[in-house]
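Residue strings, one per chain:
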Amino acid sequence: MERSGAAGVMDDGRPIFLQIAELLESSILDGTLAEESQVPSTNELAAFHRINPATAAKGVNKLVDDGTLYKKRGIGMFVSSGARAKLRARRRDEFARQYVQPLVAEARKLGIDPAELKHMIDNWEETR
Amino acid sequence: MNRTLTVARMQFVAWRSVVGWPWAILLLSFAINLALFSAMGEKDDFEPTTGGLMSIYVVMFVASISAITMDFPFAIGLGVSRRSFYLGNVLHFVGQAIVYAAVLYLLAVIEQATDGWGVNLRFFGIPFLLVEHPVLRYLGFAIPFLLLGFVGIAIAVVFKRWGMNGMLTLSAVALVAVGGSAVLVTWQGWWSAIGGWFADQPGAALLVGWPALLTLPLAVVSYLIIRRATP
Amino acid sequence: MSPVVTVTDLTKRYGDVTALDRVSFTLAENRIYGLLGRNGAGKTTLMQLLTAQIFATSGEITVFGEHPYENERVLSRISFIKESQTYPSNLRVKHALRAAALVYPNWDEEYAQQLVEDLRLPLQRNVRKLSRGMLSALGIVIGLAARTPLTFFDEPYLGLDAVARQIFYDRLLADFTEQPRTIVLSTHLIDEVSDLIEHVLLIDQGRLLLDSETDALRGQVVTASGPVAAVDEFVRNGTELHRVRLGGTARATVRGDFGAAEHERARALGVDLVASSLQDIVVRLTTSSNGPAADAGSAVAADKEAVR
Numbered sequence: 001m002e003r004s005g006a007a008g009v010m011d012d013g014r015p016i017f018l019q020i021a022e023l024l025e026s027s028i029l030d031g032t033l034a035e036e037s038q039v040p041s042t043n044e045l046a047a048f049h050r051i052n053p054a055t056a057a058k059g060v061n062k063l064v065d066d067g068t069l070y071k072k073r074g075i076g077m078f079v080s081s082g083a084r085a086k087l088r089a090r091r092r093d094e095f096a097r098q099y100v101q102p103l104v105a106e107a108r109k110l111g112i113d114p115a116e117l118k119h120m121i122d123n124w125e126e127t128r
Numbered sequence: 001m002n003r004t005l006t007v008a009r010m011q012f013v014a015w016r017s018v019v020g021w022p023w024a025i026l027l028l029s030f031a032i033n034l035a036l037f038s039a040m041g042e043k044d045d046f047e048p049t050t051g052g053l054m055s056i057y058v059v060m061f062v063a064s065i066s067a068i069t070m071d072f073p074f075a076i077g078l079g080v081s082r083r084s085f086y087l088g089n090v091l092h093f094v095g096q097a098i099v100y101a102a103v104l105y106l107l108a109v110i111e112q113a114t115d116g117w118g119v120n121l122r123f124f125g126i127p128f129l130l131v132e133h134p135v136l137r138y139l140g141f142a143i144p145f146l147l148l149g150f151v152g153i154a155i156a157v158v159f160k161r162w163g164m165n166g167m168l169t170l171s172a173v174a175l176v177a178v179g180g181s182a183v184l185v186t187w188q189g190w191w192s193a194i195g196g197w198f199a200d201q202p203g204a205a206l207l208v209g210w211p212a213l214l215t216l217p218l219a220v221v222s223y224l225i226i227r228r229a230t231p
Numbered sequence: 001m002s003p004v005v006t007v008t009d010l011t012k013r014y015g016d017v018t019a020l021d022r023v024s025f026t027l028a029e030n031r032i033y034g035l036l037g038r039n040g041a042g043k044t045t046l047m048q049l050l051t052a053q054i055f056a057t058s059g060e061i062t063v064f065g066e067h068p069y070e071n072e073r074v075l076s077r078i079s080f081i082k083e084s085q086t087y088p089s090n091l092r093v094k095h096a097l098r099a100a101a102l103v104y105p106n107w108d109e110e111y112a113q114q115l116v117e118d119l120r121l122p123l124q125r126n127v128r129k130l131s132r133g134m135l136s137a138l139g140i141v142i143g144l145a146a147r148t149p150l151t152f153f154d155e156p157y158l159g160l161d162a163v164a165r166q167i168f169y170d171r172l173l174a175d176f177t178e179q180p181r182t183i184v185l186s187t188h189l190i191d192e193v194s195d196l197i198e199h200v201l202l203i204d205q206g207r208l209l210l211d212s213e214t215d216a217l218r219g220q221v222v223t224a225s226g227p228v229a230a231v232d233e234f235v236r237n238g239t240e241l242h243r244v245r246l247g248g249t250a251r252a253t254v255r256g257d258f259g260a261a262e263h264e265r266a267r268a269l270g271v272d273l274v275a276s277s278l279q280d281i282v283v284r285l286t287t288s289s290n291g292p293a294a295d296a297g298s299a300v301a302a303d304k305e306a307v308r
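Chains as they are written, first to last, in full-length UniProt numbering: chain A, 1 to 128; chain B, 1 to 231; chain C, 1 to 308.
Dumping the calculated SDA-like pairs for lysine to any residue here, alpha-carbon to alpha-carbon at most 20 Å: (1) A/109 - A/98; (2) C/94 - B/6; (3) C/94 - C/123; (4) B/160 - C/69; (5) C/94 - C/104; (6) A/109 - C/225; (7) A/109 - C/249; (8) A/58 - C/177; (9) B/160 - C/89; (10) A/109 - C/267; (11) A/62 - C/219; (12) A/109 - C/268; (13) A/109 - C/228; (14) C/94 - B/70; (15) A/58 - C/180; (16) C/94 - B/19; (17) B/160 - B/172; (18) A/62 - C/260; (19) A/58 - C/212; (20) A/109 - C/263; (21) A/71 - A/27; (22) A/58 - C/178; (23) C/129 - B/18; (24) A/62 - A/76; (25) A/118 - A/100; (26) C/129 - B/17; (27) C/129 - B/70; (28) C/129 - C/159; (29) A/62 - A/84; (30) A/109 - C/270; (31) B/160 - C/84; (32) A/58 - C/219; (33) B/160 - C/55; (34) C/129 - B/69; (35) A/58 - C/28; (36) C/94 - B/9; (37) B/160 - B/61; (38) A/58 - A/47; (39) A/62 - A/26.
Hints in this document: simulated from the structure, not taken from any laboratory.
Could you build all of it, start to finish, from the sequences and the hints given here?
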């Protein structure tokens with residue numbers, strides 16, 4: 001049977017709760033979710049992404065644990081002040097590992113030395 | 001008890017077909033007989049009886065079988081216990097028997113009062129049941145429903161519990177028992193004695209007493225069998 | 001919180017066929033479980049045992065703290081929507097629903113009517129004249145509207161089109177959110193339910209292979225591809241389930257604990273890692289020539305390995 005079922009936007013491989021956490025982080029980074037604004041409820045997230053509510057809750061709780069979100073009792077979850085800056089700093093750290101490292105590794109495989117690579121990046125910027 | 005009532009009600013959800021079939025068939029049989037007798041005209045020298053009344057008993061017998069074979073898997077699927085299903089099913093069947101017998105009794109009384117529906121038709125009156133006692137007469141209609149019903153239930157329950165093999169075994173055992181006793185009776189020359197015994201029995205005993213006595217063990221055995229049956 | 005279902009060493013034999021072989025697990029309250037496995041793995045048998053429809057050869061079953069056999073207290077709190085459920089031939093769809101309404105104490109008639117409309121179920125039609133998909137839809141309506149604390153859906157969407165299946169998943173999720181309960185979805189269409197189920201029970205040939213959180217499984221199985229030597233080196237930290245080779249490159253399905261460090265290691269080795277979907281994991285585990293690998297998430301499966 002065709003793959004049409006409940007599977008929504010989630011990709012198969014990684015834990016869904018991590019993907020939910022990352023989606024929320026991205027929304028905070030790009031400003032869709034402003035600081036001190038309310039985050040969608042677990043149930044809204046579950047219904048929207050067609051995932052188990054417990055999994056959605058786990059994703060939200062991960063962000064509560066690291067201080068990105070905080071809980072207002074009886075109302076819901078909110079984006080912490082300063083969360084955006086903190087996320088950006090963390091993502092910048094990850095950027096090197098996630099993107100630069102494979103780039104350099106691939107370049108080395110192809111015999112592109114660092115200077116040449118740097119040149120390519122500069123030119124890439126110009127041609128855009 | 002509550003669940004038992006629920007099951008009895010459950011089997012009535014399609015009450016039109018539950019009540020409709022037996023009475024439609026009986027009505028059809030009655031209509032045919034009535035037409036025939038009107039066409040033949042009255043004859044005083046013999047008192048015609050028809051087997052038409054049997055039709056409703058046959059339909060109820062079949063219904064009691066299908067109540068087990070079809071309703072049992074459905075009820076179990078809905079989370080009803082075997083005990084509740086059995087008791088509810090019995091309640092459902094006995095309830096019908098009580099009401100149907102009353103209707104038949106009433107029709108027999110009308111038949112008598114109208115001189116056989118004006119054409120001397122004996123359709124509802126049971127000829128060899130000569131008792132005039134109203135209670136016995138009523139039971140004469142009711143008890144055969146129960147006997148046939150519980151025979152049907154017993155057969156269906158054996159089928160549910162042991163499947164086709166169970167049915168074959170049951171038939172084989174029944175055949176051997178009946179055949180064996182026939183041989184025994186012939187060999188011993190008991191036929192006349194048995195015939196005499198039947199002749200000596202009052203109509204009420206044949207139609208009410210003995211069937212009632214047979215029904216009871218069938219009901220108990222069926223209950224014990226269904227407790228370990230699978231849908 | 002005591003478990004809703006506890007099963008210990010449950011075995012069911014039909015003659016010399018063992019349908020279930022010493023299965024043990026528990027089901028916790030208010031979760032959605034996926035009971036996965038190939039056709040004939042023993043999924044339906046297991047659910048029939050839990051609902052006392054059939055009898056165990058050996059082993060213990062407790063549902064809501066009691067044995068379900070002839071136990072009205074327990075049975076009235078379970079609904080089991082069996083794929084092969086038969087209905088009395090004189091019933092129309094509306095009759096079947098009325099019967100269910102009589103039996104289930106928490107039946108929600110308004111909700112049932114809504115579902116009937118959404119799934120376009122013909123109320124007046126005789127059940128024997130329903131298509132496979134409509135029969136499934138009828139089961140879905142009964143299973144959802146019954147609102148029982150424990151609900152089993154056995155292949156609930158056979159014959160349903162994509163739209164109806166989507167309606168089922170959405171309704172199930174919405175209803176579960178509103179009225180949490182324990183739901184067991186038995187299926188071999190794993191992709192469709194993988195995001196809905198919080199916990200996976202995987203059965204193969206009557207044995208419990210997996211008893212694990214769904215999210216914990218994700219990332220536990222990866223496909224590693226690259227030069228044979230590099231793949232060999234990488235695979236050492238896990239259990240290899242499957243491998244194909246093409247010249248000097250290999251692609252191996254590996255089970256293990258693949259966190260950030262392992263991804264780093266793969267990158268360093270020049271091995272490409274792709275995480276497997278739940279469906280792939282199940283396929284690998286139920287066809288693996290290595291047999292069921294000892295499971296990190298399940299002491300039960302590990303014990304069973306040790307026994308053999």
